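A.B. asks: The lines below spell out each chain.
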Amino acid sequence: MKKQNCSQLLCFALFVLFVFSSCKNSDEPQEPSIMHGSAALQTKLAVAAAPLRPIGLIAGSSFNLDNSSGMTITVDMGSNAWYRITFETQQAEKIPKGEDLLAYSRGILAKYSEELMFLPDEIAEDASALHEADTNLRMVTFQRRFLGVPVHGAFVQFFYNIQDDGSYRLIQILNNSYGPVKLGSDNAPELTNAEALAIAGLDNYKVSQRKEFIQPSTTTEGHYDFSLATEFEFVPADVAVTTYNPLSYTVMIDRATHAIHRAFPNRLDIKQSVSAESYIKSYILADQSYSPLPYVSLLDGANKLETDALGQADVNGTQVTVTLKGSKSAAGILDLAVSNNAFATFAATLSADGKSNLTLKNTDPSVLNTYMAIERVRTLVAKYLSETELPLLKTGILAVVNGNDPANFCNAYYDPNLKNLYLSKAGAITFKDGTSQKCESTGLISDAIYHEWGHAMDDQLGPTNIIKGNGPGGKDRAYGEGIGDTLSALTTRTSTIGEGLFVGDKRPLRNAQNTARYNAGSINTDEHVQGLIFSGSFWDLYTNFTALYGVEKGADLATNYFLKHLQINESYLTAYDALVLVDSGNGALGTKGPNYCNITRAFQAHNLSGTATVADDCIDADTSLKVRVDLDSGDGKLSLLASAGGATKIIACPGAVKVCAASGMGYIEMTVTNPDGKLTASKVNRFYTAQGTFDVKANPVYSFFSLDAKGVKVGMKTLNFKAKASTLGN
Amino acid sequence: MRLIFITTLIVAGLSAGCEKYQSGFKLSRSGDVSAATAGQPSHVANVPVTSASAVEIQLLSSKLVGSESKYKSVAKFGGVASAKSILSALSSGVSFKVDTLPTGAKPDVLTIEIYDGDQLKFIAKQANTKLSKAGSVVINDCAILQVPWDGAASDGSCHWTIEEAK
Chain R
1 MKKQNCSQLL
11 CFALFVLFVF
21 SSCKNSDEPQ
31 EPSIMHGSAA
41 LQTKLAVAAA
51 PLRPIGLIAG
61 SSFNLDNSSG
71 MTITVDMGSN
81 AWYRITFETQ
91 QAEKIPKGED
101 LLAYSRGILA
111 KYSEELMFLP
121 DEIAEDASAL
131 HEADTNLRMV
141 TFQRRFLGVP
151 VHGAFVQFFY
161 NIQDDGSYRL
171 IQILNNSYGP
181 VKLGSDNAPE
191 LTNAEALAIA
201 GLDNYKVSQR
211 KEFIQPSTTT
221 EGHYDFSLAT
231 EFEFVPADVA
241 VTTYNPLSYT
251 VMIDRATHAI
261 HRAFPNRLDI
271 KQSVSAESYI
281 KSYILADQSY
291 SPLPYVSLLD
301 GANKLETDAL
311 GQADVNGTQV
321 TVTLKGSKSA
331 AGILDLAVSN
341 NAFATFAATL
351 SADGKSNLTL
361 KNTDPSVLNT
371 YMAIERVRTL
381 VAKYLSETEL
391 PLLKTGILAV
401 VNGNDPANFC
411 NAYYDPNLKN
421 LYLSKAGAIT
431 FKDGTSQKCE
441 STGLISDAIY
451 HEWGHAMDDQ
461 LGPTNIIKGN
471 GPGGKDRAYG
481 EGIGDTLSAL
491 TTRTSTIGEG
501 LFVGDKRPLR
511 NAQNTARYNA
521 GSINTDEHVQ
531 GLIFSGSFWD
541 LYTNFTALYG
551 VEKGADLATN
561 YFLKHLQINE
571 SYLTAYDALV
581 LVDSGNGALG
591 TKGPNYCNIT
601 RAFQAHNLSG
611 TATVADDCID
621 ADTSLKVRVD
631 LDSGDGKLSL
641 LASAGGATKI
651 IACPGAVKVC
661 AASGMGYIEM
671 TVTNPDGKLT
681 ASKVNRFYTA
691 QGTFDVKANP
701 VYSFFSLDAK
711 GVKVGMKTLN
721 FKAKASTLGN
Chain B
1 MRLIFITTLI
11 VAGLSAGCEK
21 YQSGFKLSRS
31 GDVSAATAGQ
41 PSHVANVPVT
51 SASAVEIQLL
61 SSKLVGSESK
71 YKSVAKFGGV
81 ASAKSILSAL
91 SSGVSFKVDT
101 LPTGAKPDVL
111 TIEIYDGDQL
121 KFIAKQANTK
131 LSKAGSVVIN
141 DCAILQVPWD
151 GAASDGSCHW
161 TIEEAK
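Chains as they are written, first to last, in my numbering: chain R, 1 to 730; chain B, 1 to 166.
Everything labelled a hint here was simulated from the structure, so no lab data went into it. Here the structure is a predicted model, which means the values were calculated and not measured. Where hints are given, some of them may not hold.
To be verified - Cut-off 30 Å, straight-line C-alpha distance, at most; resulting in silico cross-link-like pairs (DSS-like, lysine-lysine): (1) 553(R) - 97(B); (2) 111(R) - 97(B); (3) 683(R) - 70(B); (4) 97(B) - 76(B).
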């Protein structure tokens, strides 16, 4: 519900201003001060960044290399070694699928040893050197050694792109090896632990670990010097067992000069990670789960801290006061049951192991749940829109929980003038017929919070948005309600909205999975009811996408399209055109994008596609659909496995066809098989086994169709099977 | 002493293996050695097959060159699975011998599984294969597929390529 008449809330506006002005700087986090160590240690602790390396650009062609036109080379001016070599992906040598990339990378090291300026045997043998950085990227990282001692921070790295056919191409070499090593003194005596502690000036500390390195450093002339050094980890000598988060240090000390090369406090892995409980949809569904509690203020003794986006903070103690508002907070909560001018706070006991889960019982459940629900929907939208596109992501929004206005019991609304959310406390509503019904606090119904936040978002998106000087509610009101319901559905990936508003009633208030159709001659004047036409269309689009691409990719695409189309559209009657435009890559209107059929089919069902209609033979391409020959029985008889993003079932028919009936010649079904992790494994794809044999000698072309749960074709792909030249006639 | 004990079990297993031929994959008797010696290093079971009547399986693949100390193979045929076998180097691949699979029987699908420890790394299937005592079977590189398949790209066979229609 969007609140349009706000005169009764003037006094509310005044105390909101008071809260913001009085609390402006009170919640700023404090950096922990450095209290230990010598002046040399403190100087190094204050250096947060590594020094820049002197890098120069040299044309690849000057090296007279094969394929040099596709290369770019930068040189490390400190050593004159190649530093970064990038290759035009399609011009680089094609490396066969299944190639041992470790061995291949070692081969390149040997080949270009002179240019990279270190010997191939100066790398550590490390089985974990191969890293799957991304679906299409493999990285090989070799650590540099010299005379068996690791050179600190020195490595060479190879980046391989994976092509569609599974082969590789080398796309980049990063040579961070520092070039030839010449030790200034290779017989400097090892430091004793006592010497190291004295150099660091840490009186009440002891050494817990030490490791020898060769430490590179940059001279004033821009070249590299190398020296033997020892890395120490210092921990407090007498730490009580119950002490949480003792401050320790890692310090690199030169063995010859006793200078400190680098130092940092070890606070990285002992941060407190705070999560909090909230309802995904509603208290009545008991669907609570834990997720990080971001951007709240923590009072830890005298220290004022703030959790980051992951709910982490450097907390020393275990007893803290949580305030649901931080300096970077995207939400601030006023609990009217407690105060009308201070943000909601509560005491919490953190876990000594650094991972704390705060329950809804830590405070008023509706207060904590409202904060978490706002963060959940904000985090989702922030994946797709920038803070420039949607300032709400940065400025946050004030939410008033346990609202006590009897006229708004059983209600939640967004106030476009005050730009806050209002969520009523538990109460009752009396209907026109005199009957009444009790309802819970709407802060316990996350669906309602997503919906209202959607109104706030809606106000800032679109050609006539409020940021451009237009008044609130620029879009038509039914569209606004449909947007709120759709955002809620996309956030929870369920179509129902508002279960549990009335005490003991699990029935949803509205459902985006519906058959509501636009009829110009018969418009329901209630914007919530009329909004179902749009939310119904979009939910159908969501189900089409998830059926084709799988839940994760399909939901991702649907959410992206939803938010992108809101930037260019103002009415639900033109939403279809806007979506087609987004799908086409914002090309000319009328251009058909890759999801044209599924978009049109969804909006057509609700009479929102205008004059555009599609028939059953309009089927989008299923780019995720791939096949593999499981067994070649000869003479063109193949047993196939298939993989696709989300199809419930795949069917195939001979030829490049759009119709594939079970009664047709050569029809084959492929049914879902669970990946066993041995023969098939994927986090994103499903797998299918053919229930028949393909005869690709008789039928060199097959059309494959991805079906949804209702048997509707949501995607297709046509594949050509070509006999290899050497085996023609098989 | 240990080697003698194992060899005895393998010989006993060879004769018993043919008599107990059943449909469905069964670990051969030589594979039972690892169960009988639970707690001993796994390589104990992976002894080379030296029987004169053993079938040699050659895997002609550049991706397996130099892998003989890393990978081990299992062959499956006619409902029987061999024990894990160590690999021998060839100039252009690797080979191993099995002597517990049914020979002389009707042609069937020969499945070769190549493991790195317990992890299946490659699989090869060859239809219409007939095994004969002291014979050899050659599997070409194109039939040796990396597993698990992640579904990211289509894969053809030795005789057929798969292309997406434009």
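A.B. asks: A separate judgement is required for each hint: does it hold in the structure or not?
C.D. replies: Here is what the structure says about each hint:
Between residue 553(R) and residue 97(B) the alpha-carbon distance is near 46 Å, which puts this suggested pair outside the 30 Å criterion. Among the hinted pairs, residue 111(R) with residue 97(B) is inconsistent with the structure: their alpha-carbon atoms are about 37 Å apart, more than 30 Å. Note on residue 683(R) and residue 70(B): the hinted pairing holds, with a Cα-Cα distance of about 28 Å set against a maximum of 30 Å. Our distance criterion of 30 Å between C-alpha atoms is met by residue 97(B) and residue 76(B), whose separation comes to about 12 Å.
In terms of the numbered hints stated before, the structure departs from hints 1 and 2, listed from lowest to highest.
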